[in-house]
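Asks: Residue numbers (the working numbering), protein chains in the order written: chain A, 1 to 260; chain B, 1001 to 1296; chain C, 2001 to 2375.
Careful, some of the hints might be misleading.
[As the list claims (entries may be wrong)] Stretch-level coverage of chain C by chain A, calculated; a stretch enters the list once three of its residues show a Cβ under 8 Å from a Cβ in chain A: (1) 2103-2113; (2) 2240-2246.
[As the list claims (entries may be wrong)] Below, in silico cross-link-like pairs of lysine-lysine (DSS-like), each with a Cα-Cα straight-line distance of 30 Å or less: (3) LYS1062(B) to LYS2233(C); (4) LYS2189(C) to LYS223(A); (5) LYS35(A) to LYS2189(C); (6) LYS40(A) to LYS1141(B); (7) LYS2372(C) to LYS223(A); (8) LYS1141(B) to LYS2269(C); (9) LYS40(A) to LYS2189(C); (10) LYS2189(C) to LYS1141(B); (11) LYS35(A) to LYS1141(B); (12) LYS1062(B) to LYS2372(C).
[To be verified] Far from chain A, by Cβ distances over 10 Å, these chain B residues were calculated: (13) ASP1065; (14) SER1081; (15) GLY1148.
In case anyone wonders, no lab produced these hints; they're calculated from the structure.
It should be emphasised that the depicted structure is a prediction, and the values quoted were computed from it without experimental measurement.
Beta carbons are placed, not taken as given, at the ideal position from N, Cα and C, and that holds for glycine.
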Amino acid sequence: MIGATVWRLLRWLLLLAFAAFFAIPLLALLNFSTKDLATKGRTGAAWQALFQDPTMTDAITTSLLLALFTVLGMIVLLVPTMIWVRLRVPGATRMIEFLCLLPLTIPALVIVVGLTNVYAWVNYLVGDSALTLAFVYVVLVLPYAYRAIDSSLSSLDATTLAEAARSLGASWFTVITRVILPNLWPGVLGGAFIAVALVLGEFTISSLSHYDTLPVVIVQISKADAPESMAAALASLVFAAVLLVGLSFLDRRRHTSGGK
Amino acid sequence: MAAPAPTAPPARTARRFSVGPSVGLLPFLAYLTVFLIVPTATVLVGAFQDDQGGFSLDKVSKLNDETPVHVLRESLILSFSSAAVGAVLGALLAYLIVTAPPTSVLRRVVSAVCGVLAQFGGVTLAFAWIATLGFGGLLTKVLADTLGTDPNGISQLYELPGLVLVYTYFQIPLMVIVFLPALEGLRPQWREAAVNLGATTWQYWTQVAFPLLRPAFLGSMLLLFANAFAAYATAAALISQGSPILPLLIRNSLTSEIVLGEHNFAYALSLEMIVVVAVVMSLYAWLLKRTSRWLS
Amino acid sequence: MKVRSTFVVLVALAASAALAGCAPPDDDKKSSTTSNGTDAAAATSVADFGTMDDLVKAAEDEGELNVIALPPDWANYGNIIKAFEDKYDITVNSDQPDVASQDEINAANQLKGTDRAPDVFDLGQSVALANTDLYAPYQVATFDEIPAEFKDPDGAWVNDYGGFMSVGYDSDVVPDVTSLDDLLGPDFKGKVALNGDPTAAGAAFSGVVMASVASGGSADDIAPGVDYFKRLKDAGNFLPVDPTSATIESGQTPVVIDWDYLNAAETAKLPSWKVFVPENAAIAGYYFQAINADAPHPAAARLWEEFLYSDEGQNLWLAGGARPVRADAMVEAGTIDQGLYDALPEVAGTPVIPTNEQTEAMAAYLADNWAKAIG
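My request is simple: use the sequences and hints to build the entire structure.
Replies: Next up, the structure:
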């Protein structure tokens, strides 16, 4: 009914409307973070404070370390398990898939409400530090990591590779670490990036467990110094965005290199 | 699936899992038990305990009181509204980009941006909207001049309407991500076949495409619903006073210094949350199965 | 197969539930013996240490003190902490300044046995009286000068400072406030903020009590207070934003219902900020000081209390606009800072201090009705 040009015009208008809707709050963050509340002028003080305010720098360090440990935990726990399931216990695939997607159904809020006892043990055994949150974060990250690694794993013919390696005398350990894993790295990297983005923004569990991670400190500081909070919020978003956009380019490489 | 595993189970009549290789799953299962199953079990059991630890239905029956019921209703309304708006607008956006070729810049950019924004919930999102509509916000003055709203900030931002607006910010991208594969599954051959048989565009959409897409659309909307219902961080960062929705009432039960001893009530409220989310996600899984029949 | 897997799932759930009940063993009680041979954690007064110098030495040997929920501009805590650190060779770790009383107890329970657990508490009434089994009784040197209604006989908890509920407002932005009903007028559209959620925070709760008493209610009946706030909301005057120094100075919250000492601290920063305590609705609230029975630094905790209840400490609180609990004794002895004492806001009428039972009853009413009124 509608002519093709009208449709094209309409399409671009709608896309622009969506773009505006999504861009405005981000611009607002930038605007607020460069405000000087007293003089009503512009200032970079809030952004400077990100590197100078000890509370903020501590929180940034904590969150980055947490992201690192979560990624490591995910790699150590999930990748061997998935490879093992694919190669040796294929009957368990449905169960593992269900378990990995379970954290999507159990809200983080519920997990943290029931977490006190578990963390009493964790603090007793490992010591008390915000970095122990990595244990729970690995669980939160599972659904996304599972999907990322699964799609990578499915595009491999893992069983043939394993058979070949085994017939040449490799141990199972070698098969996993030196044969399969190198081929999985796009999926693993994808999962890792999503994990970092998730950990940097995770507020529910850290705030209700009274640990000072970056999002928790952002909220704390907002009461005293709003521009600094806004700057920190925008910075963490941009960082996560860069990671995830990088991930999408990784995906493209996988596509054009002729994966399944 | 691929060729059979190198070490196939002994005989068809034997057990499905041979014990040996299954042992390799133990670390994963143990970890999950400790950090996911035990907390959930704690909540499920704790909801039925009284303050001394004995069995009691007190806390669960408290869920029937006015405030929890009111709060549950508000949560359901919020989740439904943001899911509906997010689903419709997200489907629209998905359609706008699916018609572009897969390697075009537009498609990549929008997909990447949606990937980021869907994860972009929580504190950052709340603050972005405060910076837009709150005190000293980017749009506050503009809106005050044109629409006559409060120049000190739109106070509805901190109530249900504000929450719906803020939630759609991550619901729309999530919808795009989840619904795009379904749209991609609409084969052009079906359209050609319909046109061949004399269908107009309108007829194609209403009688071929929509019915095919309906399970995927509803399923995605359910996912959005569950996502909004369980979301805590955004609301917690946005609303520091009051508990208009269920997750904030849970926060209040845990941290209030006025109404004390409410830990077990927090468990009961969490139980309520799990039940709702579990029901929604089961419906979603069922709809997903129906979708994959046609659109895989 | 289906039956077996269901059975396995049930067993797993049951085992998890059982596991959920286990608690880890308590850490070995860290030795709290001082170099003198005194067990600091069991000391109930200075005499147990010997002399004040022995206490100071024991505390300085520990070297640190963990405090929680003490914002620097709350009753002058910033300066109190600094004065304590300057006077003694002890580092004060001030954790999470913006959390509420319940969070202090939660932190103590969560961090029990670790070095990060809070050593001392400064709590609102309800939380304080509900958790007395967590405190270690200690009688400071000036214990006898504190009136009986402000302390536990054994010294498990002692009131430290108090104030009256007040309305603080920027006189450059809104007209002078002479009664609570003024706040319902059109000049106050979108301007009136409560310090917190009344179902969660003590200061906000007392604000609603003040509104109630001013509207004809009493400490037994908070309904008029809830009704007052409903009217405030309907008039469009209620602003559901937590006020802080930053929001006051930026002009986001021009009218704040909060303790008079907190509002008085703002006057120091914003000269046009005035404080008004309604006549015949003087709601008094004292905070409760207690020592954590499992304090990681028991001697330092006790020295902190000695400092707070000394003339110096009490006058520092007075400098923050709060009424120190030893005020009457200090006025008699002439050790109070008279200038500051006279500068405290005028309070007319009999002060109302709700008892714990009254507070519980009012809290229950609020829990059922606040959400409905405010939405």
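Asks: The structure should be examined with respect to each hint, and the outcome stated for every one.
Replies: Consistency of the hints with the structure:
| no. | hint | verdict |
| --- | --- | --- |
| 1 | 2103-2113 | holds (count 6) |
| 2 | 2240-2246 | holds (count 4) |
| 3 | LYS1062(B) to LYS2233(C) | holds (28 Å) |
| 4 | LYS2189(C) to LYS223(A) | holds (22 Å) |
| 5 | LYS35(A) to LYS2189(C) | holds (26 Å) |
| 6 | LYS40(A) to LYS1141(B) | holds (14 Å) |
| 7 | LYS2372(C) to LYS223(A) | holds (27 Å) |
| 8 | LYS1141(B) to LYS2269(C) | holds (27 Å) |
| 9 | LYS40(A) to LYS2189(C) | holds (24 Å) |
| 10 | LYS2189(C) to LYS1141(B) | holds (17 Å) |
| 11 | LYS35(A) to LYS1141(B) | holds (15 Å) |
| 12 | LYS1062(B) to LYS2372(C) | holds (17 Å) |
| 13 | ASP1065 | holds (19 Å) |
| 14 | SER1081 | holds (17 Å) |
| 15 | GLY1148 | holds (20 Å) |
Hint compliance for this structure: no hint is broken.
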